[in-house]
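Chemist: Listed here are the chains, written in short residue letters.
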Amino acid sequence: MKGTYRPSVALIENRCVGCTTCIKRCPTEAIRVRSGRARILSDLCIDCGMCIRVCRHGAKVAVTKPLDAILATSYKVKVALPAPSLYSQFAGNRNLNRLLTALKKIGFDEAFEVAKGAEIVTAESIRFIQRKKQEGEEGPWISTACPAIVRLIQVRFPSLIDNLIPIIPPMEAIARMAREYFYRQGYKDEEIGIFFITPCAAKVTDVHKPQMVDKSAVTSAVALNEVYFRLLPVLKAVREEEIEVLQMATNQGVSWARIGGESEGLLLQDVMAVDGIENVIEVLDSLEDGRIKRVEFIEANACIGGCLGGPLAPENPFNAKARMQKVMRSNTSPQLRHILDGIDINCYVQKQVEPAKVLHLDEDMAKALEKMKQRDALYQSLPQIDCGSCGAPGCEAFAQDVVQGEANVEDCIFLLRDKVKEMAQEMVNLAAKLPPSIKEKE
Amino acid sequence: MTFHYNVDGGYPEMAGRASTKFKSVLKDLGVAPSVIRRVSIAMYEGEINMVIHANGGDIRCEVETDKIRVVLADQGPGIPNLELAMQAGWSTASQEARELGFGAGMGFPNMKKYSDALDVQTEVGVGTTLTLDFLI
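Residue numbers (full-length UniProt numbering), protein chains in the order written: chain A, 1 to 442; chain B, 1 to 136.
Everything labelled a hint here was simulated from the structure, so no lab data went into it. Don't take each hint at face value.
[What the hints assert, rightly or not] Computed Cβ-Cβ distance ranges for the label pairs, DEER-style:
1) B:113 to A:134: 18 to 28 angstroms
2) A:326 to B:136: 53 to 63 angstroms
3) A:421 to B:6: 26 to 36 angstroms
4) A:325 to B:11: 32 to 42 angstroms
5) A:34 to B:126: 31 to 41 angstroms
6) B:113 to A:417: 31 to 41 angstroms
7) B:80 to A:421: 53 to 63 angstroms
8) B:84 to A:374: 38 to 48 angstroms
9) A:208 to B:6: 40 to 50 angstroms
10) A:54 to B:11: 38 to 48 angstroms
11) B:112 to A:180: 30 to 40 angstroms
[Stated by the list, open to error] Under the rule of at most 27 angstroms between Cα atoms (straight-line distance), these lysine-lysine pairs were calculated in the BS3-like manner:
12) B:67 to A:373
13) A:433 to A:351
14) A:367 to B:21
[Unchecked claim] Here chain A is said to cover these stretches of chain B; the calculated rule only asks that three of the stretch's residues, wherever they fall, bring their Cβ under 8 angstroms from a Cβ of chain A:
15) 33 to 47
16) 69 to 81
The structure presented is a predicted model; accordingly, all values stated were derived computationally and were not measured. Even for Gly, the Cβ is constructed at its ideal location relative to N, Cα and C.
Take these sequences, add in the hints, and give me the full structure.
Modeler: This is the structure:
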């Protein structure tokens, strides 16, 4: 299992000063400072984007496809898939058709809303949960819409993998529908380019290395903030008479942009919606211990506020949430475009999410126990103040790194100082030992 | 390898910390997820019981290559009628504890269900010791 995950969060080496900000905030302790740079341990990274958010030097970034590179591709048809979180970013605009028209103006041939895919996923999820209930399975089912959470479960909560609802995320659903739509128009697969406008790094990874399908129907992902700045002037310049009816989704799908939107759409009695990676970890811990009872569905988003709070969304999540309310209030009875009606896709996952075995001290239980004894003994000798000077996020992680051969005991400046002190004392002692010739003289 | 946890009954909001800590130990050791889940649920129930009935106690967890043993020992009031306590839905929880969401009467039934063996030693006025075994 080791080495198979390639995160979309990357380090810009020359911007990193090797401080401890990101290593401290990473929820899976997946960063170590080595040679003055904060390096990501791919096997532990869940692509949540916390480091992108907290780095004061802009050294952590999401690897996306530049917009101009996308627009320069030779696909016969280029389809933009705007995440609904995009709608919450513009102060002045509540007209979604204007926004979708502007997307075509910047160079895309089509704009298909991911919110439409969300509605398809909701309908399928309702059917799935109902069927399982009849079979006596109560769940709780956990949403697969946030790939950082799926990855978190793989890395830290493998016992909850069976709780993941086996339904593809909205991005994948709408991309499949888009492909199907263009096949019917006579296009070949290789002539269709489908580009997701992403609010986060996790979804980029979900495009390039999907966890639940063999190959994503999305071609590549472009950063929401990049599209945002390109759209701003164009959006203002769109004249009323130019606005096309491009909207396909109602508020039900649009509401997925914020936390709560997905679970409300399921029309169930007992749902839970949790946002913010630390909060999600707390909830999953409780779920694992059997402390969460009588909940049918858990919507969990890594980002505060949901996708509209993604690390690539320029607006702060609370402002975005307030704007989203305005957008939704002006969008209660939209005129819809029905070109995807009648296109049925399979919404079920193609492969089982696998547990990541990265946390294990050793594959062999006896050896793992031995290493744990060493780790605990070493931890007892450490200052336990989690200063981060060794490059690990805390003393526990450092002790584990040493036991795993990834760090040296002397990397702890406190232990090093003790050792220096010891050696200095030894030197003093040695200096006091005089040769007999001098001793006699005295 | 043995792990000790002290459960302070004076802080009900801290209840569950020992289970969470031990769970992370088991994950580091690479114990199968299904076993971890059983241990977590059963140990959590035991830990909560200690807080509710005995004002806390001590938990000793022993991990071997093929077995996990969790021993929860308290010096609480003891269980007067063990047979009754083992029944699903039977509960002595105070109103305060119930308000915190405890006391559904599934403590013992769950501990029995999720462990491979459960031994209860109890004496009224002296205390209770539960020994839960899990096969890896």
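Chemist: Does the Cβ distance between residue 34 of chain A and residue 126 of chain B fall inside 31 to 41 angstroms?
Modeler: Since the Cβ atoms of residue 34 of chain A and residue 126 of chain B sit about 55 angstroms apart, the hinted range of 31 to 41 angstroms is violated.
Chemist: Can you let me know if the beta-carbon spacing of residue 325 of chain A and residue 11 of chain B is within 32 to 42 angstroms?
Modeler: holds (40 angstroms)
Chemist: If I claimed the Cβ atoms of residue 112 of chain B and residue 180 of chain A lie 30 to 40 angstroms apart, would that claim hold in this structure?
Modeler: violated (52 angstroms)
Chemist: Is it true that the C-beta distance of residue 113 of chain B to residue 134 of chain A lies inside 18 to 28 angstroms, as the hint says?
Modeler: The hint (18 to 28 angstroms, Cβ to Cβ) holds, given that residue 113 of chain B and residue 134 of chain A are roughly 24 angstroms apart.
Chemist: Given a hint of 40 to 50 angstroms, does the C-beta separation of residue 208 of chain A and residue 6 of chain B actually sit inside it?
Modeler: holds (48 angstroms)
Chemist: Establish whether the coverage given for the region 33 to 47 of chain B by chain A is satisfied; the threshold is a Cβ-Cβ distance below 8 angstroms, and no fewer than three residues must meet it.
Modeler: It holds, with 8 qualifying residues against the three required.
Chemist: Would you say the region 69 to 81 of chain B counts as covered by chain A, given the rule of at least 3 residues with C-beta under 8 angstroms?
Modeler: violated (count 0)
Chemist: I want to verify a distance hint. Is the separation of the beta carbons of residue 54 of chain A and residue 11 of chain B within 38 to 48 angstroms?
Modeler: violated (31 angstroms)
Chemist: Hint says 38 to 48 angstroms; check whether the CB-CB distance for residue 84 of chain B and residue 374 of chain A agrees.
Modeler: Holds, since residue 84 of chain B and residue 374 of chain A (Cβ atoms, about 46 angstroms apart) stay within the stated range.
Chemist: With the threshold set at 27 angstroms, check whether the alpha-carbon distance from residue 67 of chain B to residue 373 of chain A stays at or below it.
Modeler: holds (17 angstroms)
Chemist: Please test the hint of 26 to 36 angstroms on the beta carbon pair from residue 421 of chain A and residue 6 of chain B.
Modeler: Since the Cβ atoms of residue 421 of chain A and residue 6 of chain B sit about 34 angstroms apart, the hinted range of 26 to 36 angstroms holds.
Chemist: Sort out whether residue 21 of chain B lies within 27 angstroms of residue 367 of chain A, counting only the CA atoms.
Modeler: Roughly 21 angstroms between the alpha carbons, so the hint for residue 367 of chain A and residue 21 of chain B holds.
Comparing the model with each numbered hint stated earlier shows that hints 5, 6, 10, 11, 13 and 16 do not hold.
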